[in-house]
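Turn these sequences into a full structure, and let the hints guide you.
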Amino acid sequence: MRLELLGIAIISFFIFTAIFAPVIVGLIPHDKSEPYSPPSKNNLLGTNDIGEDVLVELIYGSRVSMFVGLTSAFVSTIIGSFVGIISGYYRGFLDDFFGGLIDLFLVLPALPLMILLAAYLEPSVWNIILVIALLWWPNTARVVRAKVLELRESQFVEGLRCLGANDLYIITRHIIPNVSDLLFANFTLSVARAILLEASLSFIGLGDPTYESWGSMLHYSMKRGGLLNGAWWSFVPAGICVSLATMSFMLFAMGLEDRKKRTKAIGLEV
Amino acid sequence: MKKMLVVFLFVAFSVAGCIGIEKVQDGENVQKILKIGTTMPIKADNIFVDYYFGILESVFNDRLFTIDERGKIVPELVESWKVEEDGKVWILSIVKNATWHDGEKLTAEDVAFSINYLKAKVPGFKAHLALVDRAEPIDKYTVKIILEKPWASFLANLVVVRVIPKHVWEKVENPLEYYGEDRNVGSGPFIYKGFDKTAGIITFEANKNYRLGKPNVDKLIFKLYKNTEAELMALKRGDVYTTYFYARGLDPIYVPALLADQNVRFLVETNFGVDNALWFNNKLYPYSVKEFRIAISYALNYSEYSKTITAGYAETPKAGFVPPGWSYYKETRELVRDLAKAAEILDSIGFKDFDKDGWRDLPNGSAFTMKITLRSDLPESTRLAEMIKRDLEEVGIRVKLVPVDGMSFRKIAEQERSHEVVISRTTMWGMMMWAGYGSGYVDSRNIGWANVEDQELHRIVDEMLKTTDEARVKELAHKIQDLYAENLYVIPLYWGKIIQPYRADKIEGLVYNPMMGILNKKTWFSVKVKE
Amino acid sequence: MSLFQYFFRKFARYSLVIFAIILLNFCIPRLMPGDPITYILGEDIYYVAPEQIEELKKEYGLDRPLLEQFKLYMARLVRGDFGYSFSFGRPVIYVVLEKLPMTLLITIPSTFMGIVIGAYLGIFTGWRSESVFKRLLTNFILLVYSIPSYWLGMIALLIFSLKLKLLPLGGAPPLDSDLTTFISHLILPIATLTIFTTAYNAVIMRGVTKGISEEYFVMTALSKGLTKIHFLNRHLLKPSLPPLIAISAIEFGFAFSGALIVEIVFSWPGVGLMMLEAIIARDYPLLQALFTISALIVVLANAIADILCILVDPRLRSDF
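Residue numbers (the working numbering), protein chains in the order written: chain L, 1 to 270; chain U, 1 to 531; chain C, 1 to 320.
It cannot be assumed that every hint is accurate.
Said to hold, decoys possible - Simulated pairs of lysine-lysine, PhoX-like, Cα-Cα distance not exceeding 25 angstroms:
hint: 1; chain 1: L; residue 1: Lys32; chain 2: U; residue 2: Lys400
hint: 2; chain 1: U; residue 1: Lys352; chain 2: U; residue 2: Lys330
hint: 3; chain 1: U; residue 1: Lys389; chain 2: L; residue 2: Lys32
Said to hold, decoys possible - Using C-beta positions, here's what the derived DEER-type ranges look like:
hint: 4; chain 1: L; residue 1: Ile240; chain 2: U; residue 2: Asp68; range: 25 to 33 angstroms
hint: 5; chain 1: C; residue 1: Ala75; chain 2: U; residue 2: Asp182; range: 27 to 35 angstroms
hint: 6; chain 1: U; residue 1: Tyr285; chain 2: L; residue 2: Val25; range: 31 to 39 angstroms
hint: 7; chain 1: C; residue 1: Ser131; chain 2: L; residue 2: Phe93; range: 47 to 55 angstroms
hint: 8; chain 1: U; residue 1: Ser418; chain 2: L; residue 2: Phe16; range: 39 to 47 angstroms
hint: 9; chain 1: U; residue 1: Glu394; chain 2: C; residue 2: Ile183; range: 50 to 58 angstroms
hint: 10; chain 1: C; residue 1: Ile183; chain 2: L; residue 2: Ser154; range: 56 to 64 angstroms
hint: 11; chain 1: L; residue 1: Phe67; chain 2: C; residue 2: Val132; range: 32 to 40 angstroms
These are computed hints drawn from the structure, not numbers from a lab.
Positions of the beta carbon are idealized from the N, C-alpha and C atoms, including for glycine.
Here it is as structure tokens:
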């Protein structure tokens, strides 16, 4: 339980930083200096390959990570829950179709396909969101489908159907409220995955070069001599941020999971 | 699970089995081996398939003409040549003492065959040799090349022609799929010995029968690295003695890390290409407005680009675009940053912020955003673009960066010419294209990133293409640089240096060539590998 | 549903998936901007007339209608001919077979170790996870799971290669290297991959074990006073076997491409790095082959896992 709180605390911290980035940046020293200057009074975390302040980049980077993480998780959860509910509730042809689709997506090697798509689309934050959401929804859909199948067979829903309640009523009043916990936990996990994936794509150089993100900081450090120049400050902090942000969302999800007794693994599998 | 284990063991043993095979010692005398590291992504050892392996061709094969240290075209396999019918017929006399690695004589027959064969079968050469009607041997050592129309600068095309042995290639239907043992038989100072793809090692041995004598080193080894870090660590450890990358040299960002090493020294050479420049599509409004382009030139922070991208290994460019080093270089106005002047010019031609949204609009009042296309696969290019965006925004010009991959870049900037502004670099050879002095990139009738249709430029280029008189060529070269400086069709962002690191305790005597870098004849006969 | 019907249904579904993969693989590369012709022409920029480009496209069959290209593609695929790689200048199948051992060399040991260690850690932490140590361990696993693999790789390079100078800065070992050099090249990529497969498997197995440990039959079994070993075998290992089989199957398939980012950081010349090069070069045939092969392996592994799971635990059949 305490760890869940820690997760929430870190999440709040990053979201706060993202929202108030310009204000925070105004409060810290961030002169432009020589490329790869080590941490000093003027640049608390040193500078990068073009002499810009690493801390400032980190602060602005939180915007990209949080935005991409939350938005793409939101989109994929919406798609996933829609498909999962429809397919689990109606079964039959729809289930065959969507089930096949889910199988297909789960089988495709995700990262290479994302790289391929990201290389195809022009590099922008929106396209990255699109790519992540497009390839991530089946994970949500599969979990939701299983749960809906279970609910559908429950005596309560059977009963409602016998009483002549229509499908829309059953879905909105009984199915959705019952999967909402699951959806929320799954959404939280999706955010964690999306943050990691955005960082990976940017690291490979398929991110949006007009926005500095944590992943692109790692990219430039790797590509422009950060390692050989021994400038650990150009990549260590960015990696810590990615890990912390990802972990905080996972801790939160784990907490949610632990709270519900007797749930199967809600989809921690990836 | 067991199966996996079996597969793993199989793989492990088969690889382990390979270890220790190539441990042959040369007992008699110590071999002089020159080891060069490279990050060029060589994938196949066929010069027609792999562009970067094609770069290494200069090691094992001689060409008709080559480039000297001053960037002038000089004969290599050719002894003398003459031009007839105003440049429509070219007659080359070939050296008489050249032989192929397999012992056969290199004759006019081979040269004529090469030209016809390349034009017919190799994609890239269809463009290089587009003007060639046919080549035919006149006698054993004389070859006649007939063009479709007169072409004064045909020599630049002959520089890239690969002379290949007729007796090997005449039986080959598709050179792009040929992997016969004799595919890399050449006439050069080294003999190709093989490419170990797994370890990334390409080996050459000295050609004892080379017509200019045996090179100074017995063996030449290229070690391929996937990244510069690994390559430079190998240099520091002494696994390689120097590094190579075609038309680039070492990325200056790595120089500080190497300076601490006592044994590593640098050759710092003039780059005959322009490292990075801002190319306007001069056909498109508002880039067609000269004053607008000039205003932009005052908004750019040249010294910062040089400092952050090249670690200071560059000079502030001049408006004449063509970098110093070229024989007919002309000193023109230095480009400077002057924000007040930029704003003043923009105001005077009506690019003002009419709607008070903080951004300058077009004189007719509509909003304006400059779209700069750049290559997303080159980190220094995206970094540069970020800085340019910031600098232009300081004078109120809104900028949108459009990063695209290398392939799309060529499609947009060359085939479609749908770009507004691009950031790109030129190689030395590229500067020689068309009428030379970068005209190929500027003139709308050639590659034309700058898409210039200016009558005066076209006239100068046309005359340069026809003139063989050196004095006149010099005049024209000065004229074209003045024209560049006055119009700023393209703004050079910095004139970089080529940095060539080497281990001073292992080798000495590397000679730099503006086109091929250290891979040139002078190096082979002056380099010394120390014990 | 009879077992036969069940298998038939599964078979039909997997066949559809395979067809969809083939179709997708055919379409995506052709939708990408830029065309391979520009690559064939090389990096040096020179002027190429539009007619010449058309001519080249014809030579490479890229000008034919899509349907015809697809028919050609299918016919070749059936024969196991994946076409000709533009950028490597050789038939795709050779190129892939050449790089495959390199990838297997780092993925097989790491997948294997990852599954064993991960499963153990997962069962250990998932089974009655009240102790402080177990909770700490769980959170540590979670932390590792959150770390980007390439970042850990970069730090490893900084420490072991640049500072301590113990290990090489990536790349494959040269053929003539001795055993120490050979192993020194393998350590970092395999270690990095192992850490991540371990964390991944541990997280999943923990979830599975937790689910099982809370089910009632376990409670009854324990209340019946079975010995611990007996209990572990019969009630924990057996039911947790199907998910483990499924994971292992998927992992094996993904090993083909999963090492991609790790290969980039360590410049390991395997399939993953080649995939990135193929994308940059717009090498359609090579990309198609890589996707088809890796996706087929995953489907196959899944199908086998399905069958195995059913045989091990018939209860699962009711899921479908």
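Exercise. Which hint numbers does the structure go against, in order from smallest to largest?
Worked result: 2 and 4
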